[in-house]
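Take the two lone chains and join them into the complex the hints point to.
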Amino acid sequence: MAATPRGQAITAAEAVRRSLEGRERTDWRSPAFHGLLVLLLVLTLGVLAWLLTVVFLNGMPVLLERGPDFLTAPLASQPQRAGVGQAIQGSLMLMGFVVVLSFPLGIGAAVYLEEYASDTRFTRFVNTVVRNLAGVPSIVYGLLGLAVFVVALGDLVGPGPASGRSLIAGGLTMAILVLPIVIITSSEALRAVPASIREAAFGVGATRWEVVRSHVLPYAAPGIFTGTILSMARAFGETAPLILVGAVVGGFSVRYDNLLEQLQGRYTALPTTVYDWARKPATFEGNVYAAIVVLIVVLLVVNALAIYLRNRFERRW
Amino acid sequence: MDVNRRWLRPALPITIALALALAACGNGGGGAASGEGDGDGGEIFVSGSSTVEPITNRVAEVYAEDNPDFAYTVEGPGTGDGFALFCNGETDISDASRPISEEEVAACEASGVEHVELLVAYDGLSVITSAENSDIDCLSFLDLYALLGPESEGFDSWSDANELAAELESAYGTEYGESHAPYPDAPLSPTAPGEESGTFDSFVEIALTDIAEARGLEPTTRPDYTASANDNVIIEAVAGSPSSLGWVGLAFASEAEGIRSLEVDGGDGCVAPSDATVADESYPISRPLFIYPNLAAVEENPAVAAFVDFYVSADGLALAGEVGYVPLTEEQGQATRDAWEAR
Chain V
34 MAATPRGQAI TAAEAVRRSL EGRERTDWRS PAFHGLLVLL LVLTLGVLAW LLTVVFLNGM
94 PVLLERGPDF LTAPLASQPQ RAGVGQAIQG SLMLMGFVVV LSFPLGIGAA VYLEEYASDT
154 RFTRFVNTVV RNLAGVPSIV YGLLGLAVFV VALGDLVGPG PASGRSLIAG GLTMAILVLP
214 IVIITSSEAL RAVPASIREA AFGVGATRWE VVRSHVLPYA APGIFTGTIL SMARAFGETA
274 PLILVGAVVG GFSVRYDNLL EQLQGRYTAL PTTVYDWARK PATFEGNVYA AIVVLIVVLL
334 VVNALAIYLR NRFERRW
Chain L
-1 MDVNRRWLRP ALPITIALAL ALAACGNGGG GAASGEGDGD GGEIFVSGSS TVEPITNRVA
59 EVYAEDNPDF AYTVEGPGTG DGFALFCNGE TDISDASRPI SEEEVAACEA SGVEHVELLV
119 AYDGLSVITS AENSDIDCLS FLDLYALLGP ESEGFDSWSD ANELAAELES AYGTEYGESH
179 APYPDAPLSP TAPGEESGTF DSFVEIALTD IAEARGLEPT TRPDYTASAN DNVIIEAVAG
239 SPSSLGWVGL AFASEAEGIR SLEVDGGDGC VAPSDATVAD ESYPISRPLF IYPNLAAVEE
299 NPAVAAFVDF YVSADGLALA GEVGYVPLTE EQGQATRDAW EAR
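Protein chains in written order, with this note's numbering: chain V, 34 to 350; chain L, -1 to 341.
Check the hints yourself; a few may be wrong.
Here are the in silico distance ranges between beta carbons for each label pair [stated by the list, open to error]: (1) Asn65/L - Phe158/V: 56 to 64 Å; (2) Phe158/V - Asp222/L: 34 to 42 Å; (3) Thr86/V - Glu173/L: 49 to 57 Å; (4) Phe158/V - Pro97/L: 41 to 49 Å; (5) Arg213/L - Val80/V: 49 to 57 Å; (6) Leu292/V - Ser99/L: 38 to 46 Å; (7) Arg220/L - Val173/V: 31 to 39 Å; (8) Leu215/L - Val173/V: 56 to 64 Å.
The set of hints was computed from the structure by calculation and includes no laboratory data. Just so it is clear, the structure is predicted and the values come from calculations on it, not from any experiment. Quick reminder that beta carbons are idealized off the backbone N, C-alpha and C, glycines included.
Next up, chain L with everything else stripped away, as it sits in the complex (with noise of 0.2 Å):
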């Protein structure tokens, strides 16, 4: 008897550890549960640019705080990730870090996805390199896409690209502005966002198209270089080697410690990232964030409409400042407002 008993003995801790776990959830949930049971009324799915979620995570919180019925999930797998959901129907808001494609338009037509695109802040990107690199200070478009375009591939050292700078410069002047070649002979091995980001097709975009498209090439960087998805592990990257080069979102950049951001010259001087510069267009590495509403989850889900509508007020669209991103001026949040009100 006494060995039946005690072989069962061990089965209480554990019933108790499951106990618990499932009191613990029940007292969790207990302040958010409303006894309305009104199925998915107030329930939103959120999902798309990791870079966006934060601002979309901030608004939702605050919102939720005047809204205890209000439930939200807001995931950032990546802009393209977000379009496949969205254009299945899974989800209410896609976030996008750039603008939606044509292909994700086929997509989202094609199975009756119908949204409207809003401008919900700005983010720059920063050109980095090792706080300890101190011979470069700014760098044009040129200088970038002769360190980093198409033609760079299999530049091991800087001044590997002294050659084509100057081709450049003699091409098209200060166009694209002043080539700071000759550079150092120094070792370069390049750490930046893979294509799979929506950082990387704002980069190349703005600093590296027009070039590549002058010199009739396919705009996209040099295949030979470290990528990565996780931007603090190519600041680590980059603060870990000297005469490094990269590039991250700015909200990443100005909190990293062992790196310093270039000024960056688009034709009309060097400027140095900041919130103030990003906001006034002067940095020219700049990119929109977007958030596109299903309109058909609109229709149907009050919650959607009710949160798009406070992100896109003065106070919604200010709380991108607090999660280290650009807000709108008034002009431009003007414009978002009237978007979603001719949706």
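If we strip away everything but chain V, and leave its shape as in the complex, we get (with noise of 0.2 Å):
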């Protein structure tokens, strides 16, 4: 029974009704609060709002005007001629190789720490390298494909004028640099699979390749395709590795007769292509925003199939 000084005794009930109306004191820390993180939302908010916005309005102007033939054309040297054409072309090969060389790798390494291997000094160490790995800054990683894809292998990755910098040697880079981003994540969607499912399955009698195949991966596999593809959007992104092992910063054609002779030869990205445009005379800064625009709404595709991907084989237990 609580009592007011005046000795007034008063009922638990209006106790909890003047506490929770505030009668009693006022917090002003708690609206303060949540005034401060309204505001650094809106902060947030607006200052991507005004990055797209000028972005947008800068680049519609080309994109309307010239339409298809943007999407298309090459690179050139006059801005009313150039296009993201062989631009969206290389980006989406060295998309493929990611997907190729890096998914398989990455979900397997991350199966075998997670499921397979025992928890000794040895996989702790490994664990610890893969992420000091997913930290180190991308430029490394180009330094690393310009000395071993481009000069020490370039013979067998890039023959005759490319002299290395090859679509090969840019894809092989991109899946070295995103390869420890898909094994931490995969990582982490293996192990937010419940123990007792796996107990379960073995105590069923289920042998170890039943439990990952038919327990494990498929309750996993929502987050890890989330983990896959957004790393696709991070290769998709790159820049300053690309242009250290070769992506053409100017202008090409190419010449080939089969799948092979193309990968071989030479490439360039969307942001390359950016970074390149920008570093031009003015008359190239609509078509910089242009470039933007489509490498924007790329990106927001894969990240929208990504969303889509996880609630579609969201499950429950």
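Quick look at the structure:
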């Protein structure tokens, strides 16, 4: 029983009501903190909205005027002829390398580390190394790609006039760049599968292969695919390593008879094209913004695909 | 069973995306592909000056329109980087915004790369200030030395250079143009290309070297200026402060907003930069642009020879005008063709 200073008794219900309605005391910190959070959100979104508005306002005139021509035209010395056709093609092929190489390798490594490897000093060391590799700046991977793929393996990945600066060299560099991220996101997804699911499967006599294949992977799949597709978006946006390993910054035309010759030839990508055009005289300004719009739209599509897949395959237990 | 199939399903969209990517590439290349399969025969690789890159690219684009089997790569990392590749035998042609240096000649000789120097166009360098700056209309080489030369280190205001300008004027009179001192009492923070740039070399060579050597100093600029490799960044910085100073290529300055190109006096009076004044050499800060074909590549690869033939033809040389540079006159073009024939 609470009592007021005057000694009048009040009921417990009355005390709770007063407390809830704040009659007894007003805690100004709560609304202040709430306000601060809203302010931070508005600031963050405001910067983003401002950036997108500037890019779209400046890019749309070129896109509307040129239409599909801008999306298919090659790099060129004059802004009214230059387009992102070669760049979109190169970027998609680089993503192809990431899908074909990093995803199987990365998911495989994660399954091994999480499901098969015993918790020894060595596996803990490997885990630490992978985590550190994910934080290494991308330019360092560019230098690695330059030393290994362009210089040491140049005759293999890009014989002839490309002298090593081929799509294969760029693709392999991108694949290595995102590999640690794929391993980490896949590991997290596997770790999120409740141990009870594994135990139940083992309990009815399943082998480790059966447990991983029919129980762990299906439940981890949405997480794994969200992570891998986001890492694909990361590869799509990388610029610096590609410039080091020889994405064309300037202009080129290609001539090849088959896929192998194309893979061994020169290429360019969307972000390197943005970088290139931003260095050119102001006549290229509209093209720069239009190329950024294309880059953003493609990235949004990839991210939307990630969200769709995650929702589509989400399961509950 | 249901579970087994389901977890495989996300693989499908990814496989489709990959297939689409490969298909898109196949289509894109279809037009350019040729069935002849003659290896490296029709392919050339050009690197070097980022200033010359648009000219060579334009020439290659036009040439490729009439020669569907011709394939090219033209890049612009910089004149020095270009010669490093060139003397290593990696490129067929090197673009340059200055003549090849003695060290680079030695490097080329060491690896047996022979070349010929071909003049292909002229480029002017604009001395720029903010569009808001109405105090200055013309600067002479003497003024530029006083404001930007090696002895101007630490000058935070234009008026800090008054004393040096007076000293130069009493020593050389109007040999390097009239002094425009006293300068306004306004902050001076120059922004200009960095030392790795051909645009830096050309400016020092043309505007500062004579006075520096007359005063017994190493020809260079003041060390305390903001350097950028990106001409648009320089233009932004110069436009952003009302009493700024800098220099960029004429092609960049003439397209930019917020800045003003100053007249320059090299000893024969103030001249405003324009295509006409650069072409007739009355504007004092203009520089020649070159290409350097590798003679061994010219012998081995008919595509290189045919490409340079087109480059130095009257039609080819005229293309420099389309991308913002000053084309050679008929006489200069003939001299270039003679040099090419005499290789």
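Hint by hint, here is what the structure shows:
no. : hint                            : result
1   : Asn65/L - Phe158/V: 56 to 64 Å  : 58 Å, holds
2   : Phe158/V - Asp222/L: 34 to 42 Å : 49 Å, violated
3   : Thr86/V - Glu173/L: 49 to 57 Å  : 54 Å, holds
4   : Phe158/V - Pro97/L: 41 to 49 Å  : 56 Å, violated
5   : Arg213/L - Val80/V: 49 to 57 Å  : 51 Å, holds
6   : Leu292/V - Ser99/L: 38 to 46 Å  : 42 Å, holds
7   : Arg220/L - Val173/V: 31 to 39 Å : 35 Å, holds
8   : Leu215/L - Val173/V: 56 to 64 Å : 41 Å, violated
The structure does not agree with the numbered hints 2, 4 and 8 stated previously, though it agrees with the rest.
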